[in-house]
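Please arrange chain B on chain A, whose structure you already have, making use of the hints.
2 protein chains.
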Amino acid sequence: MSIKKVNINEKFALINKHWDPKIAGELNGQHIRLAKLKGSFDWHHHEQEDEMFLVVSGQLDMHLRDQIITLDEGEFLIVPKGVEHKPVAEEEVQVLLFEPAATLNTGTDVTERTVHPDWI
Amino acid sequence: MSIKKVNINEKFALINKHWDPKIAGELNGQHIRLAKLKGSFDWHHHEQEDEMFLVVSGQLDMHLRDQIITLDEGEFLIVPKGVEHKPVAEEEVQVLLFEPAATLNTGTDVTERTVHPDWI
Chain A
3 MSIKKVNINE KFALINKHWD PKIAGELNGQ HIRLAKLKGS FDWHHHEQED EMFLVVSGQL
63 DMHLRDQIIT LDEGEFLIVP KGVEHKPVAE EEVQVLLFEP AATLNTGTDV TERTVHPDWI
Chain B
3 MSIKKVNINE KFALINKHWD PKIAGELNGQ HIRLAKLKGS FDWHHHEQED EMFLVVSGQL
63 DMHLRDQIIT LDEGEFLIVP KGVEHKPVAE EEVQVLLFEP AATLNTGTDV TERTVHPDWI
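These protein sequence lines map, in sequence, to chains A and B.
Plus 2 on top of the position in the first sequence (first one is 1) and you've got the working numbering.
Plus 2 on top of the position in the second sequence (first one is 1) and you've got the working numbering.
Excised from the complex, chain A in its bound form (with noise of 0.2 Å):
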């Protein structure tokens, strides 16, 4: 069995897509993921998925239906399932994942942005 460490800085200079999460880590049915976003995603919400966002880097803004909330680097927001969010960033931002590895980014729908991710 091969044990590596994951330098995150390194996993990031490899994506050059927004909204493009790619898989870092697995453990436990789980995915790690990193993405770089930048601009305004789709409402959309998992149906048995809760999503935890972390920010490495730069400032992402979660919409809720009932507010928003802003996390700068070093914060982390556990979206519930169920719960209708959508991600915005003014500028590029760099996120950490956790979910469940059947998490689809958006969602419950199937769209153009519908991303199956490969590990990075």
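Treat the hints with care, as some may be off.
Which copy? The list can't say, so a pair holds if one copy fits it or any two copies do.
[Claimed, not checked] Taking lysine-lysine pairs in the DSS-like style, the calculated list, with each CA pair at most 25 Å apart, reads:
#1 88 - 19
#2 83 - 40
#3 40 - 88
Simulated from the structure, these hints should not be mistaken for lab results.
Frame of chain A; chain B shown alone:
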């Protein structure tokens, strides 16, 4: 439902004991735990749980039976279930752990170093 962000550094500022993980988030049956480590822990393994160590500040030497992997800030390692490991930190290191909520810090053994973590 109350959805609140967590500032990792603010949480770490509340921790004043080594080897005493605190729960900072829960999702999908998994915990986000924060811990300050210094010195050498005991060899242990987890029967059913993979465990992730992400270094937030400082340096962590993860001893495995066949190698030592040194993690610096912004690096993470996943220790698969069943794999014996021993975290060692010469100076204080701040780590974020992802692991199933049921995970005991001392693995399959209950010792005087076993803690049942509280929320922070």
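A quick look at each hint next to the structure:
1. 88 - 19: Classified as within; 18 Å inside a copy, 38 Å across copies.
2. 83 - 40: Result: close within a single copy only, 23 Å intra versus 36 Å inter.
3. 40 - 88: For residue 40 and residue 88, only the intra-copy Cα distance (12 Å) is at most 25 Å; the inter-copy one is 40 Å.
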